[in-house]
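Just need the whole structure built from these sequences, with the hints factored in.
Protein chains in written order, with the working numbering: chain A, 83 to 1101; chain B, 802 to 900; chain C, 597 to 804.
No wet-lab data here; the hints were simulated from the structure. Just so it is clear, CB atoms sit at the ideal spot from N, CA and C, and this is done for glycine as well. Among the clues, some could well be false.
[As the list claims (entries may be wrong)] For each label pair, taking beta carbons as the anchor points, the in silico distance ranges come out as:
id: 1; chain 1: A; residue 1: Asn759; chain 2: C; residue 2: Arg603; range: 48 to 56 Å
id: 2; chain 1: C; residue 1: Arg603; chain 2: A; residue 2: Gly1068; range: 49 to 57 Å
id: 3; chain 1: C; residue 1: Thr620; chain 2: A; residue 2: Pro344; range: 25 to 33 Å
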Amino acid sequence: MVDAASNKPARAAAEFAPVRQTAAAPSAASPYRLATGGIVDRSAPLLFSFDGRNYGGLRGDTLASALLANGVRLVGRSFKYHRPRGILAAGSEEPNALVELREGARREPNTRATVAELYEGLAAVSQNRWPSLWFDCMAVNSLFSPIIGAGFYYKTFMWPASFWEKLYEPMIRRAAGLGRAAGMPDPDTYEKAFAHCDVLVIGSGPAGLMAALAAGRAGARVILCDEDFEFGGRLLAECRDIDGRPCAQWAGSLLAELASLPEVRMLKRTTVFGAYDHGVYAAIERVADHLATPSPHMPRQRVWNIVAKRTVLAAGAIERPLVFGNNDRPGVMLGGAVRAYLNRFAVKPGTRAVVFANNDDAVATLLDLAAAGISVQACVDPRGADAGVVRAAAQRIGTRFVNGAVVRARGGHRLRAVDVSAVAEPWHKLTFPCDLLAMSGGWSPSVHLSSHLGGRPQWSDALAAFVPGPLPRGMSVAGAAAGEFGLAACLAGGAKAGAEAAGDCGFAAKPVAMPGIGPEPIGIAALWRVRAKRGKAFVDFQNDVTVSDIELAEREGFRAVEHLKRYTTLGMATDQGKTANVNGLAIMAELTEKTIPATGATRFRPPYTPVAIGALAGHHRRKDFKPTRLTPGHAWAQEQGAVFMETGLWLRAQYFPQPGDNSWLDACNREVTATRNAVGVCDVSTLGKIDLQGTDAGLFLDRLYANAMSSLPVGRARYGLMLREDGFVLDDGTVSRLAEDHFFVTTTTANAARVMQHMDFCHQVLWPDLDVQFVSVSDQWAQYSLAGPKAREVLQKLVDGQHDISNTAFPYMAAGEVTVGGGVPARLFRISFSGELAYEISVPARFGDAVIRAVVAAGAPLGIRPYGLEALSVMRIEKGHVGGAEINGQTTARDLGLERMVSSKKDFIGRVMAGRPALLAPDRPAFVGFKSVGDGAIGAGAHFLPVGAEPSARNDEGHVTSVAYSPTLGHLVGLGLLKGGSKRLGEKMRAYDPLRGRDTLIEVCSPVFYDPEGARLRA
Amino acid sequence: MLLIPCPYCGPRPEIEFRYAGQAHVARAADPSALSDAEWAQFLYLRDNPRGRHAERWRHTNGCGRFFNCIRDTLTDKIAATYRIGETPPDLAAGAEARR
Amino acid sequence: MPDQALRQRAPLEALARPGRFGATSAAAGVMLSEIRDRGLASVAARKNQRAALLAAAKSAFGCGLPTRPRRAFGRDGLSFVWAGPDQWVAMLDHGPVGGIEPRLAASLKGLASVVDQSDGRAVVRIGGARARAALAKGMPIDLHERAFTPGDAALTFFSHINVHIWQVDETPTYEIAVPRSFVGSFWHWLTEASAEFGYEATGSNSSA
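Rendered as C-alpha cells:
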C-alpha cells in the first residue's frame, strides 16, 4: 500500500449495507479463497511452492495472498527471538513475511512476500530458522530475552577483544539474521536508463491517478510510477463506490484514458526510491521479477534516472500497528491489509475475527469482514463517545462493541484468542477466541521522498501523524501522503496538484470533474501503546524491538531519536521502520513526557525500499565496468598472440610470447635484443596527440612548457617538460612544428586527458586573448615507433620514393609530412625513447592496420620484431629516461636531472614555484641509476638505506622507482630517487624491501646505462 | 545529482561535469612579483562559505568549456552560471536566471 | 612500399555484422549502420575572426555556421555541426580520404584552424521507432520531439563515452560520432541497449 496512494476510507452510515452480496464459499483448491470478487484471474491458476510444499494460487496474487488463500499463516521467524511470524501488511512496508525467493544463482533473500508477484513455478522458502519453520531451535532465544534486550551485544561481547571476530560475530550472525545470498554470479542483466518529463507522479492511488489525469489531459509529458504490479493503489483494496461504480472499476476507466494519452508514460512495478537535487529522481523498475526467468534480451531490473520539471508525490500512507502484548502473533494483521486481502485478492485472512482500532477505519474493516462471511467476535476501540460511527457499524453487523483495548494476544504459531480489557471494567478481562485480529493505530503519510533532501516532516496533532515539511523544489504532495485522509480529499487534492504542476510547465489544465463520494468519517485518537499489556509488545517487528527496549533506552539515556534508533535498532533493517518509527518515537515521547515534535522526527534517506547493488551497477560490471579503448593495430596484435595489459582505458600489448618461452621475460628479452641489434616496432597510438594552430601557438606553448617552444624551427621536434603551477612536473612529451603556426603535441598515454584539461584551462581561463586553437587528434592517427639500427632501412621501403629520409635530410629530431604506400598521408618524427635510431610514424587511423602489417612485412628480412610495453620499459630504463614512476607528482625538473631544460628566459606555468627554497634543497631525493651488487631480487618501492644502518624512517634515503633486467648489459638496472642524487655516484647502499622480505646491496651510478653519448640515436 | 546549466549546452546532469575549484582566482600578470603570502593565497587558500559560492566547472563530457557557477553549498541550489570572463550576475536583484 | 595498396579499415568493419539481432517478436525497433564515406574536420575560429569566418563560410559553402547546438547544411554535401563556442565539426558526404581539410582550408585560411578528423571518429546512424528508447539507456539528454528536433545537436555521452549526436529526420534518425578507439565498447553497449527492441544492422550506409 505504499507507493500506491492510499486514502483512508471509511463509510458513512448511509453506506452500511454490505456491497458484496455474494459471500464466500471457499474454493476447493484454496480453502480461504472467496468464490467471487477481487481482481485475481480465476481462469489462470498458478502452481507455486513454499518450504518445499506445493500450493495453488491465481494470476494477480502476491505470494502473501496466495499463502493466505491456502491457510498458511506462519511464514517466517523473527530476527532476534525467532518468534513465529505471519503476514502483517499487504504492501512494501511488510516487516515479517520475508522469504528467500527463487533457487540457485537466482536466489534472492529477504524478499517481502507481500510484494512478490506470483508466477507459475515460484519457489520460496522461509528463512532464519533451523531446522524448520515450525520447529525452530533458536526460538530458545526468547527465553533469554531479559538479557538480550536492546544494546545487549554492546554490553555482553566486550571482551576479550580477540573473540569478537572469531567467535562472537559469527555466532551472532548465525543466530540473528535474515536470508542467505545466492553466493553465485547473478545470471541476469540489469540496466540503467534516463527519462525526462514535465510532471512525475509517484503513486497511482486516487490522488496519483487524478494528478496524472489532470496533467496528462493538459498535454504535459507525464510519468506515472507505481511500485505495485497493478495501478490503482487503495482503490483496488477498498470496497467503495465512486460515481455509483465500484472504485476499482472507476479506476479502470481512468487508467484506460491515461493509457490513451500519448505523452503519459505509465511505469508499473516501478518504485521511485530516491529524490535528488534539481528534480532528479531515481526509480527501480522490476521488469522481469514476475517471471521465472527474464525473456531473452530483457533485463531483470532497470534503474531509471528521471529528470522532472515538477513532481507530485502521491505515495499514500502506511498503517500503524497497535502495541500490545504478543502483537506479533501470526493472525494479527493491519486492518487495511485485511481489506486488501478480502477485496483485491478475494482471500479470507481468517475465519473468526476481532477488530481493534483507535480510528474510524474500523468501520470499513467491520463491514468488509462481515460481507466476506467472516464472523466478527468483537470490535475493540479505546475511544469512548468519539467512536460513534464504529459502534454503529459493529451494531449493524451484530458484533459486540467494547470500549477498551486488546492487552494480549494468545496462541503460538497462530492466533487463538485475544484478551481485552474494557474501560468500564478494567479488572475484568474479556477473552475472545479468534484467528484474525484486524488492528489499526492510524495512518502515517509516506513522507519519505519529501524528506530525502533534508526537509523535516512536521507533526500534526489532529491527524496523529507526520506530514511533509519543507518540500524539495518542484515537488508537491497530494492525497494521503499529504495527510488528506478522505477519498474525496484525495481525488480533489490530486487533481489540483496535477493541474498546478502542468500549469508550472506551461500547460493550462482544465478542471477535472469531481466524482460523487459519500461522506466519510476519519476520526482518530492516538493510542501509542496499551499500558496494561501482557507479554512482549513489539514496536519494530523486523528488528524485534519491544516497548521494554524503548523503556530501557530511555532509562539508559538514549533518548534522542537518533540514539534510540542506534541503541535499539528501531527503524533499521530492510523495512527501515516503515510501520515502527512513529510508534517508537511516540512511546519515547510518552516516557520522557515530551511532545512528539520535541522528541524529534525521523528524516529519511534513499532508497525508499531496498535496491540491489547489481541494479545500480546496471550494465557496467566486470569487463564492462568501463569502456575499453583499442588502437587501430589491435586486431593485428591479437593475431600475433600479444598479451595485453590495461593502461588507463587502453589495452596495450605487453609482450608477444612465442612457443617455448618460459615466462614473459623470455619474450621481453627477445624483443629488446631484436630492437637493439636489428629493428623493433611498437604501437604507440595511445599517446595523447594534440593539433595546435594559431598565430600565438608558439607563445602559448612557451607558457605551458618549461623549455622554449617558439624557437623550434619548422620541421623539427623537441622533447618538452610541462610543470604544474606549484613547480612539480606534470607530464613530458614531444612538440613538433609542422608550420609556422601549426604544432603537433604528444603527451604520455596516462596523462592525455589531464594535459588536455590543463591546456583548456590555460587557454580558456588564463589567456583567452591568445590566438590559439587546439583539438585532440589522438584517435585520428595510428602511430608506430620503429627503433633499432635497421629502422631506416625498413622505413625506406614504406615511405614513398620522393621523400628523402637519409640521416642528412632527416636527422635526429626531424619532423615532417611524408606519404606512404603510394600517397597515403603520413607524419614522420625522428624521436627515440629506446636510445636507438628511431622514428615514429603516424598514419590516418583507417590505415593503421594495413601499415603495421606493411611495416612487419618490410622488416621481416631484416629481423624485425614487434615489441610491447615490457620491452619498451626495459629500454627506457637502460637509457635512463624518466617515466610515470619518476614523474610521480612529487618530483621537480631538478629532481629528475632535467634542470637544463628549464628556461630562464621566459615565464611559464610553475617557474616561480619550482624555485622555492625547499625545492632547491640539496638533500632532496634526486634521480640516479643503480646496479645490483648483491644477488637478491629488487623491486620498485624498495628503500635506499645506508649499509649497516637500522631500517627506520629516519635512515630512509629514497626509493627505487623502476628496475628491470637488462638483456643488453646482462644484469639488473634500476632507477631511483636518492637524497643527494648524482653527488653519490659509486656509493654502496641497501635496497631494503620489507614488504617482499628483500634486502640487496646496490651501487649508485649514472641513470644512463646505455649509449651515454647518444651516438646510436643520431646514427 | 545536480542538474547544471552549462552556459553553452543547457542543463545537463552532474556526471557530465568536473569541478574545477573556486572561480575568479586570478593568475598574476607577473608571477615573479608575488610575495610568498600572495603565492600561498593564489595556490592553496580557498573560500569555504556556507551558502553561495562562485565556482568553476568544466563541461568535460560535453563542450569541454570551463565556466563559472554560483552554487549554494548548503542547498546545492544553483543561482546562476556564466561564462569565463563575465562578471558575476547581480544576484541580490533576485536574478536566478538559469535554473 | 610494396606494390600492394594499403587497405582501409572502417572503425566498425569487424563489428557491425549485418543482420537481425536481439528480440524477434516484432519488427526491428532499431536500425543501426555505420557511415563510412564521410569526411570530418574540426573547425575552430581564429581569435577575433568569428564574424569574418561566418561570412566566408556563407559565401564559400552557402551556409552559416550554427552558433548554437545545431547542424547547418551547405552546398555539395557539406554540413557543419556546432561543437562548442566558435567550434564546429565540418562534414563532407562521400568525402575522399584527406579531401575535406584542403577544401575547407582554402576558403577559411587565416579565419579558422581546420583539422582532419575523418579517421578520429566513427559515425553511427541509429533510427527506428525505438531508437529513442535504446539511446535513453546510455544517454542523459532529452531526445523527445519537443526537446530535440531534426537539425539539433548535442555533445554528451553514451554509457561513459563522449559522443556528438545530431538528429537527421523525424523517424527519428540520429547520427552519433564516437571517438574511434571507443567504438568497440560503444557498439557493444548500443547493441545491448537495442536488443530488447530487436535491431537490424546494415554494415555501412551512404553518408548522404
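Results for each hint:
{"no.": "1", "hint": "A:Asn759 with C:Arg603: 48 to 56 Å", "result": "31 Å, violated"}
{"no.": "2", "hint": "C:Arg603 with A:Gly1068: 49 to 57 Å", "result": "56 Å, holds"}
{"no.": "3", "hint": "C:Thr620 with A:Pro344: 25 to 33 Å", "result": "27 Å, holds"}
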